[in-house]
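Protein chains: 4
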Amino acid sequence: MTFVFPQDILFKHCDPAGIVFFPRYFEMINDCVEAFFGQELGCSFVDIHKFGGIPTAEISAKFSAPSRHGDRLEIRLKCTKIGNASVGLVFDAICGDELRFAAKSALVFVSKEGKPQRLPTALRAALETFRGDVVSDE
Amino acid sequence: MTFVFPQDILFKHCDPAGIVFFPRYFEMINDCVEAFFGQELGCSFVDIHKFGGIPTAEISAKFSAPSRHGDRLEIRLKCTKIGNASVGLVFDAICGDELRFAAKSALVFVSKEGKPQRLPTALRAALETFRGDVVSDE
Amino acid sequence: MTFVFPQDILFKHCDPAGIVFFPRYFEMINDCVEAFFGQELGCSFVDIHKFGGIPTAEISAKFSAPSRHGDRLEIRLKCTKIGNASVGLVFDAICGDELRFAAKSALVFVSKEGKPQRLPTALRAALETFRGDVVSDE
Amino acid sequence: MTFVFPQDILFKHCDPAGIVFFPRYFEMINDCVEAFFGQELGCSFVDIHKFGGIPTAEISAKFSAPSRHGDRLEIRLKCTKIGNASVGLVFDAICGDELRFAAKSALVFVSKEGKPQRLPTALRAALETFRGDVVSDE
Numbered sequence: 052m053t054f055v056f057p058q059d060i061l062f063k064h065c066d067p068a069g070i071v072f073f074p075r076y077f078e079m080i081n082d083c084v085e086a087f088f089g090q091e092l093g094c095s096f097v098d099i100h101k102f103g104g105i106p107t108a109e110i111s112a113k114f115s116a117p118s119r120h121g122d123r124l125e126i127r128l129k130c131t132k133i134g135n136a137s138v139g140l141v142f143d144a145i146c147g148d149e150l151r152f153a154a155k156s157a158l159v160f161v162s163k164e165g166k167p168q169r170l171p172t173a174l175r176a177a178l179e180t181f182r183g184d185v186v187s188d189e
Numbered sequence: 052m053t054f055v056f057p058q059d060i061l062f063k064h065c066d067p068a069g070i071v072f073f074p075r076y077f078e079m080i081n082d083c084v085e086a087f088f089g090q091e092l093g094c095s096f097v098d099i100h101k102f103g104g105i106p107t108a109e110i111s112a113k114f115s116a117p118s119r120h121g122d123r124l125e126i127r128l129k130c131t132k133i134g135n136a137s138v139g140l141v142f143d144a145i146c147g148d149e150l151r152f153a154a155k156s157a158l159v160f161v162s163k164e165g166k167p168q169r170l171p172t173a174l175r176a177a178l179e180t181f182r183g184d185v186v187s188d189e
Numbered sequence: 052m053t054f055v056f057p058q059d060i061l062f063k064h065c066d067p068a069g070i071v072f073f074p075r076y077f078e079m080i081n082d083c084v085e086a087f088f089g090q091e092l093g094c095s096f097v098d099i100h101k102f103g104g105i106p107t108a109e110i111s112a113k114f115s116a117p118s119r120h121g122d123r124l125e126i127r128l129k130c131t132k133i134g135n136a137s138v139g140l141v142f143d144a145i146c147g148d149e150l151r152f153a154a155k156s157a158l159v160f161v162s163k164e165g166k167p168q169r170l171p172t173a174l175r176a177a178l179e180t181f182r183g184d185v186v187s188d189e
Numbered sequence: 052m053t054f055v056f057p058q059d060i061l062f063k064h065c066d067p068a069g070i071v072f073f074p075r076y077f078e079m080i081n082d083c084v085e086a087f088f089g090q091e092l093g094c095s096f097v098d099i100h101k102f103g104g105i106p107t108a109e110i111s112a113k114f115s116a117p118s119r120h121g122d123r124l125e126i127r128l129k130c131t132k133i134g135n136a137s138v139g140l141v142f143d144a145i146c147g148d149e150l151r152f153a154a155k156s157a158l159v160f161v162s163k164e165g166k167p168q169r170l171p172t173a174l175r176a177a178l179e180t181f182r183g184d185v186v187s188d189e
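Chains as they are written, first to last, in my numbering: chain X, 52 to 189; chain W, 52 to 189; chain F, 52 to 189; chain C, 52 to 189.
Mixed in with the good hints there might be a few duds.
Intra- or inter-copy, both count: the list cannot distinguish identical chains.
Keeping only pairs whose Cα atoms sit at most 27 Å apart, straight-line, the calculated DSS-like set for lysine-lysine is [unchecked claim]:
(1) K163 x K113
(2) K166 x K113
(3) K129 x K101
(4) K155 x K132
The hints are simulated quantities; they were obtained by calculation from the structure and are not laboratory data.
Here chain X stands alone, though its shape is the one from the complex (with noise of 0.2 Å):
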C-alpha cells in the first residue's frame, strides 16, 4: 500500500522566483509523515512526543521540475526499511503525471533522553503494510 498525502501549494509556500521555496518542501514532507503515522499507523505524533520523539536523521531530496502556486500536489509514501529502532521512508510528488521530487528519509524512534527505542510491535505491523519493494541502495 501507498499512503497518498493531498497538498496544494499555497502563497506561503513560494519565492520570488514563483517557485516553491525548498526548505517548504521538508515541511511537508514532515506534514506527510505526522499524518501517515496519526491517519494510518494508530500512533500520532502527539502521542510518540509525550514518550520521546522520532526525530529525521537523514534526507535527501531531488526536485526534477519546480512547483507554483496553485499547483495540486500528491506526495506519495511507502515504507523502505524497518529496522529496530528506524524507518526508512521514501516519498514520491506528483502534479498531474509529472513527478516534482523524489525523497528519502530516515527517522528513529527515540526516547525522551534521545536513547533510540525499538520500534513498537504493533507499529512494525502497521508499517509492515506500506512496505514498498523498493531494493534499498542502503
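Starting from the structure of chain X, add chains W, F and C where the hints point.
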C-alpha cells in the same frame, strides 16, 4: 578556502522536543548559500534573481546530533563541483567540536524561463577559490 | 455568513514550550484568507497575483489561550469592511468552546506596481455575503 | 535608550509578489525581542524557558511600505509598559528613512504551567533603561 557562516540556534528554530525542527536546517543552509554568493562570490541572490535564479536541484543531509536553543553553530561550506550550469556544495555544521549535520547540495543556474545557463566566468573563478578536495561520489 | 476554516495544530507549528509559535498563527490566518478567496469569493490568490496582489496592510491579534500540538482549531472569518480598495476582516479561532485568538486585518487590493485598485464588483458582492454585524472600532 | 536590531531581507522572507511575506515580519520581531533579552537585559530566552516562558499575548502591526529582497532594515525597539507580569514593547522598522512597519506587542512572563509571574527585579530595572516616552493608548 572554506566559507564559514555563524548560526545561532534561536527559539523559532526549535520544536516541542526542544531541538531544531529539521526543515529549519534547510533554511539555514539556504541563508548560508545566500551569504556565500553575496559576500564571497560578488554575485548576490538579488542580482541573480533579476535575470533568473539558482534553485536547489538536489540536497541531502545527515543530522548526526541534535542542536538546541542557544547553541552556536558554524556552518562550513566548500564547493565540490563546478559544472556547466551547476554548482556542487558540501556543508558541515559544528557546535564546539561536535558535528551536528553534514549536507550536500546541487544548485542550477537558470534563466527566468527555467533554462539552465552557463555559469558566468567570474563566478566560476570565484567558486574555484572555495573548491574543496572532496573526492565526490557523483 | 461566516467562513469556517479547520486548522489542525501540527508538530511544525509548536515551539520548545509546547505551544504554537505565534508567527505560525499568522501563516494560518493567511491560509484561511487564501482559502476564503479561492473557495468562497471565486477569486483565487493565484488569479489575483496575475494582475497584482492583496497584501495585508495591518493586522492585530490577541492570543487568549495557548494552543498545543494535536488541537483542532476552527478559524472563523467575517468581513467587517468593504472599502474602495481595502477589505477589513475579523477572525476568531476556537478549540472546542475555548477562544484561542481573535484577530483583525486590513487587506489592500493593488496593481503589480503596488497602486491601490478598486475592488472588482463581483468580489464586492461576494464579500457582502460574509459581512459581519461587528460594530467596528475604526 | 532604543534597542536597534539590523535585519537583512533575505530570499526566504519574500513571496511571489517579491515582497516580505507578512508572517515573516513577526518572526523578525520575535528574533529582535530574543536578541534584546539576551544582549541587553541579561535574561536570555534560553534561561527564561528553563523556568517558564514569555509568550506574546497580543501584537499588532501596520505595514506602511513593502520591503524587498536585499533591503537592509533596522528594527528599533522601545519598552512602553512594565506591568506586574507583562511587558509592552513598540517597534519601528526603517529602511533608509522610510518606515516599513510599526508594531506593538505585549508579552507575559509565565511559569511552566502558564501562570503569570512577577517580572524579576533585575529584569524590571533593565527594562526601565529602554523605556520610551510613548504615550500609550492602553
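Verification of the hints:
| no. | hint | verdict |
| --- | --- | --- |
| 1 | K163 x K113 | between (32 Å within a copy, 21 Å between copies) |
| 2 | K166 x K113 | between (30 Å within a copy, 17 Å between copies) |
| 3 | K129 x K101 | within (26 Å within a copy, 37 Å between copies) |
| 4 | K155 x K132 | both (11 Å within a copy, 23 Å between copies) |
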